[in-house]
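Novice: So the chains spell out like this:
Protein chains: 4
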Amino acid sequence: MNLLIISCGGTINKLYNELTGELEIGESVAQNIYSLARSNLAVRELSIIGKDSLDMTDEDRALLAHSVKDSAEENIIILHGTDTMDKSAAVMPKDKKVVFVGSMKPYSIEKDEAIFNFACAIGFLRSNPVSGVYISMHSLVLPHDKIYKDRELGVFKPLK
Amino acid sequence: MNLLIISCGGTINKLYNELTGELEIGESVAQNIYSLARSNLAVRELSIIGKDSLDMTDEDRALLAHSVKDSAEENIIILHGTDTMDKSAAVMPKDKKVVFVGSMKPYSIEKDEAIFNFACAIGFLRSNPVSGVYISMHSLVLPHDKIYKDRELGVFKPLK
Amino acid sequence: MNLLIISCGGTINKLYNELTGELEIGESVAQNIYSLARSNLAVRELSIIGKDSLDMTDEDRALLAHSVKDSAEENIIILHGTDTMDKSAAVMPKDKKVVFVGSMKPYSIEKDEAIFNFACAIGFLRSNPVSGVYISMHSLVLPHDKIYKDRELGVFKPLK
Amino acid sequence: MNLLIISCGGTINKLYNELTGELEIGESVAQNIYSLARSNLAVRELSIIGKDSLDMTDEDRALLAHSVKDSAEENIIILHGTDTMDKSAAVMPKDKKVVFVGSMKPYSIEKDEAIFNFACAIGFLRSNPVSGVYISMHSLVLPHDKIYKDRELGVFKPLK
Numbered sequence: 006m007n008l009l010i011i012s013c014g015g016t017i018n019k020l021y022n023e024l025t026g027e028l029e030i031g032e033s034v035a036q037n038i039y040s041l042a043r044s045n046l047a048v049r050e051l052s053i054i055g056k057d058s059l060d061m062t063d064e065d066r067a068l069l070a071h072s073v074k075d076s077a078e079e080n081i082i083i084l085h086g087t088d089t090m091d092k093s094a095a096v097m098p099k100d101k102k103v104v105f106v107g108s109m110k111p112y113s114i115e116k117d118e119a120i121f122n123f124a125c126a127i128g129f130l131r132s133n134p135v136s137g138v139y140i141s142m143h144s145l146v147l148p149h150d151k152i153y154k155d156r157e158l159g160v161f162k163p164l165k
Numbered sequence: 006m007n008l009l010i011i012s013c014g015g016t017i018n019k020l021y022n023e024l025t026g027e028l029e030i031g032e033s034v035a036q037n038i039y040s041l042a043r044s045n046l047a048v049r050e051l052s053i054i055g056k057d058s059l060d061m062t063d064e065d066r067a068l069l070a071h072s073v074k075d076s077a078e079e080n081i082i083i084l085h086g087t088d089t090m091d092k093s094a095a096v097m098p099k100d101k102k103v104v105f106v107g108s109m110k111p112y113s114i115e116k117d118e119a120i121f122n123f124a125c126a127i128g129f130l131r132s133n134p135v136s137g138v139y140i141s142m143h144s145l146v147l148p149h150d151k152i153y154k155d156r157e158l159g160v161f162k163p164l165k
Numbered sequence: 006m007n008l009l010i011i012s013c014g015g016t017i018n019k020l021y022n023e024l025t026g027e028l029e030i031g032e033s034v035a036q037n038i039y040s041l042a043r044s045n046l047a048v049r050e051l052s053i054i055g056k057d058s059l060d061m062t063d064e065d066r067a068l069l070a071h072s073v074k075d076s077a078e079e080n081i082i083i084l085h086g087t088d089t090m091d092k093s094a095a096v097m098p099k100d101k102k103v104v105f106v107g108s109m110k111p112y113s114i115e116k117d118e119a120i121f122n123f124a125c126a127i128g129f130l131r132s133n134p135v136s137g138v139y140i141s142m143h144s145l146v147l148p149h150d151k152i153y154k155d156r157e158l159g160v161f162k163p164l165k
Numbered sequence: 006m007n008l009l010i011i012s013c014g015g016t017i018n019k020l021y022n023e024l025t026g027e028l029e030i031g032e033s034v035a036q037n038i039y040s041l042a043r044s045n046l047a048v049r050e051l052s053i054i055g056k057d058s059l060d061m062t063d064e065d066r067a068l069l070a071h072s073v074k075d076s077a078e079e080n081i082i083i084l085h086g087t088d089t090m091d092k093s094a095a096v097m098p099k100d101k102k103v104v105f106v107g108s109m110k111p112y113s114i115e116k117d118e119a120i121f122n123f124a125c126a127i128g129f130l131r132s133n134p135v136s137g138v139y140i141s142m143h144s145l146v147l148p149h150d151k152i153y154k155d156r157e158l159g160v161f162k163p164l165k
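Residue numbers (this note's numbering), protein chains in the order written: chain D, 6 to 165; chain H, 6 to 165; chain U, 6 to 165; chain A, 6 to 165.
Worth double-checking, as some hints may not be accurate.
The list makes no distinction among identical chains, and a pair is therefore deemed to hold if it is satisfied within one copy or across any two copies.
What the hints assert, rightly or not - Straight-line Cα separation of at most 20 Å, DMTMM-like style, residue types lysine to aspartate or glutamate; simulated pairs:
1) 56 to 27
2) 165 to 65
3) 110 to 23
4) 162 to 27
Because the hints were derived from the structure by calculation, they are not lab data.
In this text, all values refer to a predicted model and were calculated from it rather than measured experimentally.
Required output: the full structure, derived from the provided sequences and hints.
Specialist: What follows is the structure, encoded as structure tokens:
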């Protein structure tokens, strides 16, 4: 399975800057996670945008869609903030296997959830699903329009 | 998705006993991992056998097969030592969706790999695969007879 | 050794709030750390002020000094933000053994440094030092006016 | 403060070998811990013996005593298994400031206790104590003959 991982920033990639006391978008954490595949994944990585998903613009989403369209890989994981994941997912090309992954807590603070959400995406792609745009959060991997973020609970839930 | 998790022991469940200085089979770590699903999984848990997989007998495997056969759930994850995972997988009923999961390092020592392997199994089951017996290790989720453990490298690899 | 731990907030006690995406002052982390003493410490705990140290006022410092003065314990550790630790230290009573402890990174993000700075304070108090007001940071335990924070490096250094 | 750290092996330095499934003495963990001093320690390191402390012989102890005697440094921390720490301490030279440090759990499994015990030793040495041979365990830093290991509880306790 050839895999492209596009990192757009988001909470999953945030790091504590001890001089400012603020959390900032850091390098993509993808490699830390997929190294757990112990050599069974061929991965290409791309880092673009590098924003909180609340700050993403239509231009950013157009760039992301373009990167997906342009890629040689059929399997694509997108690291993305959880707040506007659904909005970005809605404008992606539908003819590849695209899975959005994020986390409620930064990998640098509590890596468990980020690993879990990411690895669910990998396991789902291993099943060779039909082309489409999916979201992998909190053990669900669903078409992007069948899942939503319950902002009060901080949990993604299936849409009935 | 209703899910049964059967824990048979294995490295994934080992804990350090500080009075003896030895690693021993502890409680199933499954709940620690699936709590990351944040309420999106209905799980029943069963702990049986509780051994290093090298010590498992034919009786143990018969008990495991029986537990799978008897379960009401269609989706079953089995926590199992990596050394004889293939041997146990070979004698499971084929009419459910059964995924074996283990790890090279105990969850209590380095939880990343255990979470990764487990979550790959969840993501795979979310795709609603055909019934069968699978192994989820190191980002691969394959029919049990299409994957093997490279004992020198400590990595599961696809069988050509 | 009877010990009072006063928590004033500060970076050491910050927690990630996943709903706001911000770091906030949480409960005192002292108990997580001193539980490593495995029963060899009698500890009383007091949580006051609960602020970033940059936001502490003269009233806050007066309250802190009062709490030190009023305590029955002779050994006192104060969890405090690193930015104005020196300012608070300067107004403490001098007739007890008072040690300020903080960390550059929150315990919840990287606990190592917080444990290290705290345990240095404990080891220092175990030597039964002369009364005074000390700062324990980055392996130094010095009278509060013999140590400063190098803000560029994010490291406490001895004053020559 | 010039500091020599002598690592003799012991539980604190054990690592999981995933191919054998056993815990083995690994490299000294001292550097991982003292890096938390953020440049405020001048450290020389020496690794000798590399055994479980139950396996240490009189020759090993003679070698350790010789290394202490020969060192230019006045402050010496010895990483040592907890089971015979007292026995080794009893034959050390008395004219330096020597502190034995160990942990009940390997640093590689649960680093908190190891960091705590080590940092207590540092804080104690910062007080410039009288020469002697000390043990730093579980928040106590006491002359080696005033402290013992309660083997049932797995905790060091002061001798009355």
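Novice: Would you mind marking each hint as holding or not holding in the structure?
Specialist: Each hint, compared with the structure:
{"no.": "1", "hint": "56 to 27", "result": "both (14 Å within a copy, 15 Å between copies)"}
{"no.": "2", "hint": "165 to 65", "result": "neither (30 Å within a copy, 42 Å between copies)"}
{"no.": "3", "hint": "110 to 23", "result": "both (18 Å within a copy, 6 Å between copies)"}
{"no.": "4", "hint": "162 to 27", "result": "neither (30 Å within a copy, 23 Å between copies)"}
Hints 2, 4 from the earlier list are contradicted by this structure; the remaining hints agree with it.
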